[in-house]
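Given the coordinates of chain L, assemble chain B onto it according to the supplied hints.
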Amino acid sequence: MDHTFTRPFARSIQNVFSMMMQLPVTIGTPRFEEHEDDRFDVSGSIGMSGDIAGSVTLALSSSTACRLVALLSGEASEPDSPEFSDAVGELVNMVCGHAKGMFVGQRISISCPSVIVGRGHTVVRSGKAPCVVIPCACDCGDLIIKVALQTRRAAAPLPLAASPA
Amino acid sequence: MRILLVDDSKTMRNIQKSVLAQLGYTAVQEACDGQDALAKAPGFRPDLLLVDWNMPRMDGLAFVKAFRLVNRTAPIIMVTTESERSRVIEAIKAGVNNYVIKPFTPDLLSQRISETLSRFQAVAAA
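Chains as they are written, first to last, in the numbering used here: chain L, -5 to 159; chain B, 211 to 336.
Hint data in this document are derived by calculation from the structure and do not stem from the laboratory. Owing to the predicted nature of the structure, the values given are computational and were not obtained by experimental measurement. Any given hint could be a false lead.
Stated by the list, open to error - Reference excerpt, derived from the structure (chain B facing chain L, CB under 7 Å, subset only): (1) 221; (2) 291; (3) 312; (4) 326.
All C-beta atoms in this analysis are idealised placements derived from N, C-alpha and C, irrespective of residue type, glycine included.
Chain B with its partners taken away, still in its complex shape:
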């Protein structure tokens, strides 16, 4: 399981990496913004992406839209402080599969990751 973390904060990436490690996922690639993620995604071929919204250079929404042009299947979880309903809908329309609002507890992030992966594995197996 290869997981791409896209967040301009190294602190937040480390927090997410720690949760992923507890779930047993250690094949993690980091990107500091949407452009960086677009450059790294083809070589890394992620099975799951955790993407922040507000980032310099290219934000998470723009990244998701660009990424979905070349990859329609890898699940994307948006992890962001953007909590307004209209923003959540905008993200889902762009191709986000699940949503975590900051701040979060490790348990909540862990639960969202597990449920997202379970859903996609069930679809893949069908």
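The following block holds chain L by itself, in its conformation from the complex:
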């Protein structure tokens, strides 16, 4: 598997969780998504456009999301509250925005995040980009990053920026 697209997001989630929540993240072995019928309680997606285009989704259970939101915002909030969606959206925004900076020399724009909260929903992506699932684990629970990206123009191999300390 070519990890060109997955490695920045794996590094990014580790950096974001570490800096913003002092929370270490263990990255599992990425795999190609075979079916889109996996079910989640909370998901946050961001579209990417430019030299690299597609979508990236953070998907997790309600209990994991509640713990993460409480840790990030410093207070517990109900999953049906605007504060909860806002916090999940900001997490996705930071993970994608930070990863974007690691695609050196590529012009990439990211959309505002969209968050779905609803028990057992599926995340169906548009486009034909293959989707790679990155399993992640932390003390708040397990979550996955779904990376469905493709290069939009012929480009040299993507060098990765040095990971921040």
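Chain B only, in chain L's frame:
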């Protein structure tokens, strides 16, 4: 010290407010995008602004350019995920005085705020 926080995420504004409170700054006004900030700035007369880049309606760069037409002195710190060198230069050319890349530690944000204010207070005293 009056500080205007401009970010579409309430979570991020709360995180920044918490850091500011630890520094002893509690006179904080919040705005959810550039347009909201432009509407609130004249009445609030901020001494420091923390501004996100990617926001709906009016983004941070457009806000900074518009704000600088009427206020050339209040220091602005851009707090954003935009980390590319070209973006940082673009922001500085527009009138941003310091830059914090998300994600950040509370210590880093605190340090940037303190150094920005120190620099401006030194200039004002000269």
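Exercise for the section: Hint by hint, work out which the structure violates, then give me just those numbers in ascending order. Expected result: Violated: hint 4 alone.
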